[in-house]
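**Student:** Sequence:
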Amino acid sequence: MELLVEYKLDILIALEQTKRKWEERLKDIEELASSYKRRPLCPRYKPQLSKPWQATPVWKLFHRQTQAFNFAKTCKQDVHVFALEKNAENKQRIYLVTTYTELWFYYRTYNETSLMHCYEVIPEEAVCKLYFDLEFYIPANQEADGKQMVADLIEFICKKIDEHYGIKCSLEDVLNLDSSTKEKFSCHLIFLLHNAAFKNNIHIGNFLRKFLQPAVLLTRKRDATVPVVVSRSQSCKAATDLPSSLENQTVTKDVSHKNPDLSFLIVNGKHGEKQLFVDLGVYTKNRNFRLYKSSKAGNSVVLDIAEDNRFVPEPVKNSCIEEQYFLSSLICNVRFSDSLKILSCDNPKEAKEKSTDLDGSVSNDPIGGYQFSPYPEIDNFVLFLVNKDNVQGGIRRWNYFSLEQLLVYDISKYRWCMNIGRAHKSNNIMIVIDLKSENWYQKCHDPVCRAENFKSECEYFFVLPTILQLLMLRKSLTATHENRELNTKKSSSITGDNENDICFLEAAEDIELAEAAETFQPWSTDEIPDELLIEVSRKHKGDETKK
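Under our numbering, the sequence shown has 502 at position 502, and the numbering climbs by one with no breaks.
You can trust all of the hints, since none of them are fake.
Pairwise CB distance ranges (calculated): (1) Q92 / N390: 58 to 68 Å; (2) I420 / R335: 24 to 34 Å; (3) T109 / N299: 17 to 27 Å.
The hints are simulated quantities; they were obtained by calculation from the structure and are not laboratory data.
Every value quoted in this text rests on a predicted model; they were computed, and no experiment measured them.
From the three backbone atoms N, C-alpha and C, an ideal C-beta is built for every residue, glycine too.
Produce the complete structure using the sequences and hints provided.
**Tutor:** See the structure below:
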């Protein structure tokens with residue numbers, strides 16, 4: 001009997017020890033799983049021949065935004081600049097250059113760790129989608145219905161887009177991303193218009209200030225209980241640049257009665273002041289705009305699909321629905337096409353100073369009311385192309401597509417089409433400059449040419465003159481060297497990784513300049529410049545004298 005009891009005790013002890021071991025092992029596994037969740041394992045991005053849509057890898061970090069843009073200009077891939085927020089206290093950011101495909105490959109794994117505070121950098125002058133940043137402080141606006149305010153705003157903007165540009169859109173064309181907390185209502189709206197995009201985000205700001213100006217004035221007047229009236233002559237002025245005479249004007253009719261549809265845009269600020277539901281400060285050059293599934297540093301709430309979102313991306317082969325939401329949310333993910341309509345809204349004050357056309361006779365005038373492009377050498381080259389055969393063509397306007405690094409020039413007066421071998425009677429042409437491939441081609445606004453998707457190529461495909469390539473390269477080098485001098489003065493803030501990035505840039509630039517110089521031939525084989533003939537003659541005379 002005693003043996004039986006001892007045997008049972010031994011079994012119980014063994015079971016207890018086994019249980020303890022399993023609990024310890026389970027704890028180790030849970031800790032390991034937790035560490036993998038914090039630092040997930042991810043395969044390396046390697047494009048495959050079986051997946052031709054995958055771009056070749058480019059992943060480069062910089063401590064300066066300008067350095068990132070300069071490096072991006074040297075890449076042949078469709079790269080873009082993104083900002084990664086590192087520190088919640090000082091909001092310090094580093095800048096990443098990569099492709100959409102590669103970013104998504106890593107972002108889907110690391111968006112809760114190293115890539116959790118990621119922003120898209122909207123390049124200056126780049127064609128982009130209409131976007132909004134909406135927010136208000138909930139404790140100060142207890143009766144405000146955020147969802148209804150968003151729906152009313154979308155309806156109002158869709159109406160104005162239809163009236164102003166003749167483009168139909170609805171709730172189904174607007175991606176609604178939400179990152180609200182108990183204290184703050186916050187969301188982003190991205191309008192995915194059919195075959196249309198804005199010239200750049202500055203024009204978006206002008207467009208919104210034009211139609212939201214009454215609400216802006218109302219926020220300024222409600223605290224002082226002074227009624228105001230809206231002047232049409234100032235309808236496109238910036239909200240921060242309103243004339244004092246307009247602010248001090250007193251009339252008998254309140255703006256809220258004249259524009260009842262805009263009263264819903266007025267909210268109370270954190271300290272009781274009146275402010276606009278729409279943030280008009282996000283339409284500046286090189287603006288950082290938070291990515292889908294990202295959060296701000298020091299905050300765990302990410303931008304996610306809102307409950308009242310009505311937009312659903314169309315299914316795409318070899319791409320999941322999450323990736324399509326991600327690509328749809330990117331502000332500069334706009335691809336050039338013949339049917340794409342570029343929307344613009346100038347500041348009235350600036351528009352008065354701009355002309356409608358530019359021909360070769362007046363090189364200092366702005367082009368087509370939109371000033372010069374960032375590449376004046378290319379502007380002059382395009383003017384040279386369209387001033388021939390006794391026809392003095394001009395540049396009506398230009399647009400920059402950052403996705404493909406294309407400069408698209410709409411030409412006026414010069415209508416020669418390489419597709420039909422003659423000039424169109426009424427339809428104009430386009431000159432497209434590919435900054436990556438350093439070549440150019442012609443396209444048409446003519447319906448027949450557009451139906452054929454005509455693009456001058458093969459025997460009509462021309463490479464940009466080497467001298468122009470050198471000028472573009474030298475311009476890029478100058479900006480980089482200025483950057484480098486600035487960084488030298490602030491060397492204490494540059495880490496070893498950044499120094500490696502600068503060395504890489506120097507090497508890449510030297511190689512490009514050397515290759516360009518080797519192929520540079522500013523004259524044809526049948527024509528020798530006078531300067532060279534004189535130099536050779538002098539050298540020959542010197543040799544004869546020595547003899």
